[in-house]
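What follows is each chain in one-letter form.
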Amino acid sequence: MSVRVEGLTVRYGSAVVLQDLDLDVSTGEILVVAGPSGCGKSTLLRAVAGLVTVAAGRIVVDGQEVRGTSRDRAMVFQDDGLLPWRTAARNVELPLALRGVPRTGRRAAARRWLDRVGLAGFERHLPRELSGGMRQRVQLARTLAQRPKVVLMDEPFAALDAQTRADMQELVVEVLREAGTTTVFVTHDVDEAVRLGDRVVVLGTGEVDVRREAILAAVMA
Amino acid sequence: MTARVERRTVNVRIGSRVRNGHVVGTRWVLRIGSLTAGLLLWQVLTATGTTAWLRFDRLPTVVEVARRLVEQAGTAEFYTDLVTSLGRIAAGFLLAAVLGTTLGIVIARSRLVGDVLQPLLEVVRPIPAIALVPIAILLFPTDEQGIVFITFVAAFFPILVSTRHAVRALPTMWEDAVRTMGGSRRHVLLKVVLPGTLPGVFGGLSVGMGVAWICVISAEMISGRYGVGYRTWQAYTIVDYPGVIVGMVTIGLLGWLTSSAVELAGRRVTRWLPREAKP
Ligand SMILES: Nc1ncnc2c1ncn2[C@@H]1O[C@H](COP(=O)(O)OP(=O)(O)OP(=O)(O)O)[C@@H](O)[C@H]1O
Ligand SMILES: [Mg+2]
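Heads up: the protein sequence lines correspond to chains A and B, in order.
If you read the first sequence in UniProt numbering, its first letter stands for residue 1, the second for the next number, and so on.
If you read the second sequence in UniProt numbering, its first letter stands for residue 1, the second for the next number, and so on.
So here's chain A without its partners, still in its complex pose (with noise of 0.2 angstroms):
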């Protein structure tokens, strides 16, 4: 599913937090999306899967005006989107049951993805029981389980060490090229941000500043 957006523009009341923004996903890309903190990167994912209402634009995916959401749209979220009171293994089973998986098969799914991420065994721990970089790994868990066509990641990996922040880098990667769907990644890291995306976009504060853009394409070469 190809992913554009078309002269978007977002407003907290009077704050114009995106203007005019334009931006093209295409089927299967890794877009990678930086820029300083503040500048609106998680109100652009928030708009493309549909959680935030536009002021003015468009956002088209697949051909089809976004409006809303859809399991076809998922989200990592940057802090904590976990339900507490469901243990890691039934915040990864989630998006299968509402989509009427049965029981068994969702119980199988949620623990091999979980082991994938590096958490076999902890399958009945709650959210609280578990640290911050263990979080956002369920969550990674809980998303590539609900095989959705685009992702959107924002700062997935912030909290991770070095040695699983590759480790993960490296199943991303691998797992969505493979179902060919497409990316946005949020993230902070230069390193990140050239180790994953087919292309980098850096958004300044409010709009894509193509300047910004070429450097780091220079620093990627």
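Treat the hints as calculated values from the structure; they're not laboratory data.
A few of these clues could be false.
Anything over 10 angstroms on all C-beta distances counts as not near chain A; from chain B, calculated [unchecked claim]: (1) Trp28; (2) Gly38; (3) Thr102.
Which stretches of chain A does chain B cover? Using the computed rule of at least three CB atoms under 8 angstroms from a CB of chain B, they are [unchecked claim]: (4) 71–82; (5) 87–98.
Note that CB positions come from ideal geometry on N, CA and C, so glycine has one too.
Start from chain A and add chain B with the ligands according to the hints.
Then chain B with the ligands, alone, in the frame of chain A:
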């Protein structure tokens, strides 16, 4: 090729529940000690007929009350009263729990329903349930129904208000997560709103149970024909003061038991809440 991540996690037990036996023991000694001291003080003050401004000479002693309690516990009437009061509490409280949480959620989630019901409820809410006794007597064919109604009204508002607040205070993050998984409105309600508001709902249920007892006892004193409240008032009118105290103690124990039941149920369903490791 599958990338498999090795588990390098070291199992560290955080917040282990090892309790200091000495501390726990001391706390129980304190708890039982304070209860015993209270009873002892009461016995001394009443048995010696102390009259220092407060007049203890007319109150029954602990021994008299205990004797009366044993006496009453041997009568069928005592248990009829217990069961009657408990039945009224159960009916009124359960009705309030179901309606209070349902309406609380609907009002918080739907602007239309909120606009329609909120003003009505806000006008009725400040009226003490016990002040509705005349209305209840006029409105309902039997006293029994009237008493259950009063109990219901008493418990209903704390439950409604706590639920409404809990729903409004729900972080949007969880709802967002379920929606990006393709969850419908019904899914959000069942998977996020209901479990997420339980801690708040149980706060309301606890308070509701307390006021339900206050109101069932008061209503029984005014218009009942059985029940612990009715019996306590009867004892007072025939100058059976030990009987009055037995009634009060019974009410206290029943209230404490039912509140503990609510607390326990609440703690079971909200185990996921962040909790400090207790010493
Ligand atoms: N719900 C909200 N209400 C009002 N303003 C908001 C809201 N969410 C975000 N903002 C504002 O929008 C701007 C962009 O926020 P956003 O979270 O998209 O930034 P970000 O680029 O993701 O930052 P970070 O790198 O720190 O995560 C910020 O200035 C923030 O104050
Ligand atoms: Mg952000």
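Verification of the supplied hints:
1. Trp28: Answer for B/Trp28: holds, closest chain A Cβ roughly 29 angstroms.
2. Gly38: Given a closest Cβ separation of 39 angstroms, the condition holds.
3. Thr102: 20 angstroms, holds
4. 71–82: This one holds; 10 residues, not fewer than the three required, reach chain B with a Cβ under 8 angstroms.
5. 87–98: holds (count 3)
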